Amino acid sequence: MDFDYSDDQKFLKDEARKFLAARCSSAVVRGVLDDPARSYDAELWRAVAEQGWLGAAIPEEHGGLGLGRVELCAIAEELGRAVAPIPFASTVYVLAEAVMAHGTDAQKAAILPRIATGEVIGCLATSEGPGVITPSALQARVEGGKLSGVKIPVTDGDVADLALVLANEGGRPGLFLVDLKAGGVKAETLESLDPTRGVARLTFDGAAADRLGEAGRGFELVQAVLDRVAVLLAFEQLGGADRCLEMAREYALGRYAFGRVIAGYQAMKHKMADMYVKNEVARSNAYYGAWALDVDAPELPTAAAAARIAASDAFWFASKESVQVHGGMGFTWEVDCHLYYRRSRQLSLVAGSPKLWKERLVSELEKKNAA
Amino acid sequence: MDFNDSPEEAAYREKARAWLVEAAAAHRAEHGEPKPTTPEHMAAGKAWQARKAAAGYACITWPAAVGGGGGTPIQSVIFSQEEAKAGVSYGYFTIGLGMCVPTVMAFADEAAKQRFVSPAVKGEEIWCQLFSEPAGGSDVAALRTRAVRDGDDWIINGQKVWTTGAHYSDYGIVLVRTDPDVPKHKGLTMFWIDMRDPAVECRPIHQMSGGREFNEVYFTDLRAKDSQRLGGVGDGWKVALVTLMNERLAVGGSAGPDYRRVMELARGLSGANGPVLKDAAFREKLADWYVNSQGLKFTRFRTMTALSRGQTPGPESSIGKIIAANQMQDLANTAVEAQGEYGILVDPALAPMEAAFQQSLMWAPGLRIAGGTDEILKNIIAERVLGLPGDVRVDKDVAFKDMPTGR
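Residue numbers (this note's numbering), protein chains in the order written: chain C, 6 to 376; chain B, 87 to 493.
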């Protein structure tokens, strides 16, 4: 049995934590939060590229480090802990993973090296309005290799160079790579619950679109991409949830009320014990997801769903109850609780809500347990 | 990250499995499959334990000199997994070998160690643990059973409760009050006692589930020699903490019917809009149960990983019972509600799945209390894992005899 980070992976994770403690302090996150003109921290992005993290899981032949997915999960956990204000998920978990899993050799050669260096920022453009996007509702379409339609909201869409877009072609849904800098695209930054991450409305009017993966299978491809994304996001959520528990603990140990430290009150202790229980359930499910992702196991759909459900639940609970433990201070702008509260919403919404993943999980279980 | 045994672990598993196949077949040929709680079942359990001890598979982590297997914690876990798969296991020895006998080994005199350890390993004698009392459940140190010195003897009077296996145990370790004039933790002392002594009386407890699996134990002028003392006079609390630390690594599965069983049930039940399995609210719950079950399973794997690497496992296994017990209750109640008015029936001949969910519903409240209530377990996580301060102890500096007791 070897169901944990290895010593090398732990070393990488420790190094990542030190690096982010130095380069991604709360002040750096708040720099993006408080500046409406910035959707990410470009300096941190360059530094992360120099560390090789953007290409951690990209093969060496395409300019990456050629590490495994578990290493990427270790980095993700630390990025989540630091609420890093960079388009890492959109670029690495979505775009790089999608191109590696479904791209042609030419697409891999053209895109992956530029992701590894930090030249290309990615994004995933599926949503067109409130609610879940379905085949019958999908409006965006590609005709003669040109895309038209509106995607809203697109996480990191305002800073991205290359979008992965769900659109119909000849009446059948497909997934397309669209160069956002090549014309025929308008990107407008929108306000969101989590201003430390960029969000945009992308309007396409004859933008050049290059199909990724099989024609007519757009929704299946998006789901396959999201299975991979879900595991990696679960690690970001887990990192955030653990940090929320630490912050709550630190605060409760220093705060006195009614003549004694509030960390001694059972109402506080049980709340934090509940956080711990949820975080450990999330960690164990996330590790299983990491294993399934790393070896491309047939169990990936259920493992990814379980990882995402547990991590979404843990981060939401820890982020909201951390505010509660901090009391009035927790509701202020200057205490960091809200950075995590916001990020927990961003991470839960960005790749399908937990409710959707629960339905997906049960559908998979039905297939597995069909009599 | 993988689920594979190391080459040494795989070799051990293979050896254990091969032994189990043969041993289980021989055991069944001799004893059949007797019904639980019958004398035949007890006899079969003792025979199985003896067979394991002879092969070095009883108390695997204990030294061979005392009858153990001289093995490692991961070998012990591997054997338990394989034993569960082989379908032969008996619960009679868990508490004795997991908690009582290690306490005897740590604190008894040489004569008692020579006398008791080996027969216990071989399943010849069964031990029980007598800590809880009507006035000392979560607050065990508030117990009232008195031991008074009389020459070279101690005379014990009082009552214990929820003692697992008291009625079939040969010996027990008992925590008693030897000094009521000092604060509660300081006046306790531990002894081993003979459960067959006529001064010991066991009465079954009628549980809310209808069964009578646990006991009250009464002591009326029970005499124990001073040589039966485990640890110093007044050191009973420290000894008890050692007993509790020896609790075996929890590697068992979760309690009651699992998510697969409830899925199977829901597939065949009709709700207001088709099969219950298609009901959105039910599906959300099902997903949560699956995620929690997987969470516990993989948490056990993380514990095993630490053992496999020769490390001390982290505190993560402390989440197990809180989740398992609450999930058992929620799952059972949902399954019973899904049966509609019919859910009220408890006859295994009528209720779906032999009334497994109705039984589970009535057992779950006990599981949320036994071996540490939800609330105490959360305190333990908060204090020992998260390092939060203990609660205010209003009885800390008060002599036991002056403590308020209520009714």
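Be aware that one or more of the hints could be misleading.
Claimed, not checked - No farther apart than 30 Å at their CA atoms in a straight line, the calculated lysine-lysine pairs in the DSBU-like style are these:
{"id": "1", "chain 1": "B", "residue 1": "K383", "chain 2": "C", "residue 2": "K18"}
{"id": "2", "chain 1": "C", "residue 1": "K360", "chain 2": "B", "residue 2": "K101"}
{"id": "3", "chain 1": "C", "residue 1": "K360", "chain 2": "B", "residue 2": "K383"}
{"id": "4", "chain 1": "C", "residue 1": "K372", "chain 2": "C", "residue 2": "K360"}
To be verified - Just a sample of chain C residues kept apart from chain B, beta carbon distances all over 10 Å, derived:
{"id": "5", "residue": "A32"}
{"id": "6", "residue": "Q56"}
{"id": "7", "residue": "G149"}
{"id": "8", "residue": "D184"}
{"id": "9", "residue": "R216"}
{"id": "10", "residue": "E219"}
{"id": "11", "residue": "R265"}
{"id": "12", "residue": "A268"}
{"id": "13", "residue": "A278"}
{"id": "14", "residue": "A295"}
{"id": "15", "residue": "A310"}
{"id": "16", "residue": "V340"}
{"id": "17", "residue": "W362"}
Stated by the list, open to error - According to the in silico footprint, chain C covers these stretches of chain B (three or more CB under 8 Å from chain C):
{"id": "18", "segment": "116 to 127"}
{"id": "19", "segment": "367 to 381"}
{"id": "20", "segment": "401 to 410"}
{"id": "21", "segment": "438 to 444"}
{"id": "22", "segment": "473 to 486"}
These are computed hints drawn from the structure, not numbers from a lab. This structure is a prediction, so every number in the text was calculated from the model and none was measured. Glycine included, C-beta positions come from ideal geometry on N, C-alpha and C.
Hints violated by the structure (listed by number, smallest first):
2, 11, 12, 13, 14, 15, 17, 18, 21
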